[in-house]
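Enquirer: Based on these hints, arrange chain B on the given structure of chain A.
If you read the sequences in order, they're chains A and B.
If you read the first sequence in the working numbering, its first letter stands for residue 1, the second for the next number, and so on.
If you read the second sequence in the working numbering, its first letter stands for residue 562, the second for the next number, and so on.
Hint data in this document are derived by calculation from the structure and do not stem from the laboratory.
Glycine included, C-beta positions come from ideal geometry on N, C-alpha and C.
A portion of the hints provided could be inaccurate.
[Said to hold, decoys possible] Facing chain A, a subset of chain B residues (Cβ under 8 angstroms, in silico):
1) V628
2) F654
3) I992
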Amino acid sequence: MAPVWTALEVLMGVLIPYVTASLIDEGLMAGNLDAVWKYGAIMVAIAAVSLFFGIMSGRESARSSAGFAMNLREAMYARIQTFSFADIDSFSTSGLVTRMTTDVANLQNAFQMLLRISVRAPLNVLAGMFMSFFINLRLSLVFVAAMVFLSVALYFIVSRSMRVFAELMRKYDDLNNVVREGVAGIRVIKSFVREKHESLKFKAAVDVIYRLNVAAETIINFNQPVMNIVTYASMIALSWFGAHFIVDGTLTTGQLTSLFTYQMQILSSLMMLSMIFVMLTQSVASAKRIAEVLDREPSMKEIPGAIGEVPDGSIEFRNVSFSYAEGGNPALEGVSLSIRPGERIGLIGGTGSGKSTLVNLISRLYDVSGGAVLVGGHDVRDYTFDAIRSAVGVVLQKNTLFSGTVLENLRWGDPDATEQQCREACRLAAADFVDELPQGLQTIVDQGGANLSGGQRQRLCIARALLRHPKVLVLDDSTSAVDTATDARIRETFATRIPDTTLLIISQRILSIKDADRIVVMDDGHVSGVGTHEQLLESNSIYKDIFEMQTSGGEADFDQP
Amino acid sequence: MFRDWKWTLLTVAVLIIISTLCTLAMTLFTRTLIDGYILPLSQEAVPDFSPLGMALLKLAAVLLVGVFVSFFFNFLMIKVEQGIIKQLRGEAFDHLMTLPLRYFDSHSHGAIMSVFTNDMDTFRQMVGRTLPHLFSSVITLISTFASMVVLSIPLTGLSLICAAGALVVAVTLSKYSRRYFKGRQENMARVNGYIEEMVSGQKVVKVFSHEKEAENGFKSVNEDLFKSVFKANRVANTVMPINAGIANLGYVLIAIAGAYISLHYGPEVLTVGTLVSFLTLHKNFSRPIAQISQETNNIAMASAGAERVYELLDEKSEPDEGHVTLVRQSDGPDRNDFFWQDNGKLVPQQGLVSLKDVDFAYVPEKQVLYDITLTAYPGQKIAFVGGTGAGKTTITNLINRFYDITDGKITVDGFDVFDISKPSLRRSLGIVLQQTDLFSGTVMENIRFGRLDASDEECIAAAKLVCAHSFIMRLPEGYNTYIGGDGGALSAGERQLLSIARTAVADPPVLVLDEATSSIDTRTEKLIQKGMDGIMKGRTSFVIAHRLSTVRDADYIIVLEKGRIIEAGKHFELLDRKGKYWELYTGGSL
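With the rest of the complex left out, here is chain A (with noise of 0.2 angstroms):
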């Protein structure tokens, strides 16, 4: 509707002063008090009738920007919830963050001003045209010469000046990408005092910005003197051939008068629909951005007619590769391996040897690039997401814990669950400190968990899963902040309390996994070994080395609880 009102309001003043022609030339002119009269009630009525169409149109536009920026909001946020791991991966959060707000409130002043330009401005010059034409169409044609003049020129000076801007944005990403660094990296730019050095870099790229703004701004203040040129040469020709058809007798006075009006309301209107271009070459970087992630179709998908419930917690790996990249380097390659339900297993290896990626292909975070990851008996790509995820509880190895009370956190895992089966599954995770807090279950979590220790939050995640009643849980190196004693109390709980949950437990710590049913052992995106403490012991090189270290001085741990 907004248009539409716009539209209106802008037709409306365009008459004011064609009827002011009237006023002045049969009433002023002619010493006709009544037609004075009788136009000024028009015009009167005119204004008061273009002021209700203004006010409507302003509220309608406040609508449909406001709606816009919701809705754009709306489906980038449903289209993100629908993003594998592999898409958030390629985008990365804190990416995605940016784009869902500074970039999308770049997107909305646009969307605003275009609204309000592009409807008045166009229309003004029409209507403008319309009326001068109507009135004297020999000298309209001293706007048509303004007309052409002013638009080549501000063609010249606006697709100029787009490119630099364009520059202008990639290189404002360099001076915050040196802000960022110096800020985040100040201990180090203390510790080696490169203050200057690192002042001389961001004085570079500060100098650079202001280059390019200068030569931007240089060109766009040519708009400036150009329109005041063609508008003051319009006048005065004008006032020249005017005077002459007034003395003709072929114009008169008041009509002169109105082209005066339509002639700056014409230019001003080219003015402003000219600077659009520019404010827009600044949100078209966000526009791109946005339709990325709209754009994006999500890399995973339920197939029709999914399996809607995983029998057991049975798992099978058949010849799995997988990597993070299409064409990327294998961060799993020709892994085999068949977990029985409720069997105990304990992953272990260096960095980058694949363990966390072979647990989140069990619940589907990715999907394999060779062979197949089988749950209960079925392809997990055979599951619905919700039933697979159901099934298999994982606690992330960066795990969040939301704002909000400590019971609507746990109660993620299962919304139904009552207090007293969420204080159940905080004293099987060793938990149990919730009842200690000043305000129980009910105590306020801050953003991040903030107001928590790393080994409450990952205990607190821990019963979240719990509450799922998974079927296979997964512990991607959940307890490396928890005390060895209490790491040691909530396996045993897990032994006696679930002992039907297939259990996988990643660590660093061989006193973690000791005691597991079977121990595997990844070695650069293979498994190198499979047994039990004691085989391993003999028959797994590496194994036997991260126990040595651990043991007689490696890796020790001294982080007390």
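Expert: Just chain B, lined up with the frame of chain A:
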């Protein structure tokens, strides 16, 4: 800041006045055109247009001056605006670099960055656009008003009434809208907070197949934001049309009143030309009023930004009252070439570091170190052992004065650290931090960060010393491989090796090594170990140890608990004591 631009700004002000007057000349010419030329010419039998031609030429000359003047002052303003902001950015960054670490601890990185981008940009817009606009609006207002008074006093009165009406409406609406704008900001913050939190935790959302709930939660905050944005913009968007409407109404009223006056009292009181001119003047009069009310919004925004910029500039720099400096007598790699220079006296640098009864608290009410006393003799390797939060890292941060002690004394080669100039103190202490921040640039540039005048050969030698050479050579472009600030394609272990190489090339007399706790694969770990051994040789070094192998060859082990030294000694001595260290070594980990 503005002082440097005083004369330019003054010139700009003068030029703005000239250009405004030139524009006014155009408006007033309409009157002359109608009353002085068109009407008399219509009366003449054989009209002579040449006086009109002359008048128009004169006008053209005046206008041309106006065009050039306005082009020129705009050009000057670009220089001023960009120059000021360039200067301000530079100053702010220089200042940022001098701020103590506490500042960085207590301000989020995002907030600091937005000072350099958003806040500076809104501020620049204020300097470059808002202020000149405001000034020229005021000039237009004054000069137009003066002309209006000269032309017709009664019509001026009418025009004033309309302008006052517009002003009242604008002020009322802006009061009204401010409330909505506050609501909008709050909801905006809520939506951004929600996005920040949920999208950052998106992987967890997926693991719990919580997508629907997250989406619904988002919908509700998003909807709230829409409502408040709509309300705020609805008010804001009506300000313009209402102002325009009032201006239109005023225009009409003046036309009627003018026509009435002219007809009733005759052209001696008001001529046609005067009325036409006056109508344009009225438009010119009401426009700046609307503009001023719009600009106040921008000013409010810019001053909030400026405030944050000045907050940053007003932060106190790290104090540096030290006068003792570190000098090197020759360019050779021999560490014995370092000397402390104290009032012209040279004292050889040895690496004797001693702490006596040191207390420390990050915040006054929460002490983290108590009575720390220890001495590191030249060439010794001191290991700190203890749990998270025991205070290991804090001690090393005190020696190089990242933070200042609350009580006690720290000396280096007999000089109180407060007497040593900070750059010298930090040059004498090389630190390998656990958090390996690299900078965008090539591998070579990152190593050279340690010593800017190091040659390529020296950088490569340093990399070889710390066992980083072989992995660097495997990179696609070797030492010229470009790495992003986050280390990009490098593994955690490789980043660690690079940061050790960076310290090696700096060749500091004393070393502080914070061993990485992050799990690094066995092979790289052995490399890092070798790398660290490579640069520790012959230097006093402090090691924050997480691995027993490191501890065992230390000359002295310090066991910390809750900010206190609870045990100290050599590996076997401590084992024999069967205390905390023994417990850690035998029970705690195995």
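Enquirer: All hints are to be evaluated individually against the structure, with a verdict given for each.
Expert: These are the hints, each one checked on the structure:
Interface hint at V628/B: satisfied, since its Cβ lies 5 angstroms from the closest Cβ of chain A, which is below the 8 angstroms cut-off. About 5 angstroms separates the beta-carbon of F654/B from the nearest beta-carbon of chain A, less than 8 angstroms, and the hint is met. About 4 angstroms separates the beta-carbon of I992/B from the nearest beta-carbon of chain A, less than 8 angstroms, and the hint is met.
Comparing the model with each earlier hint shows no violations; every hint is respected.
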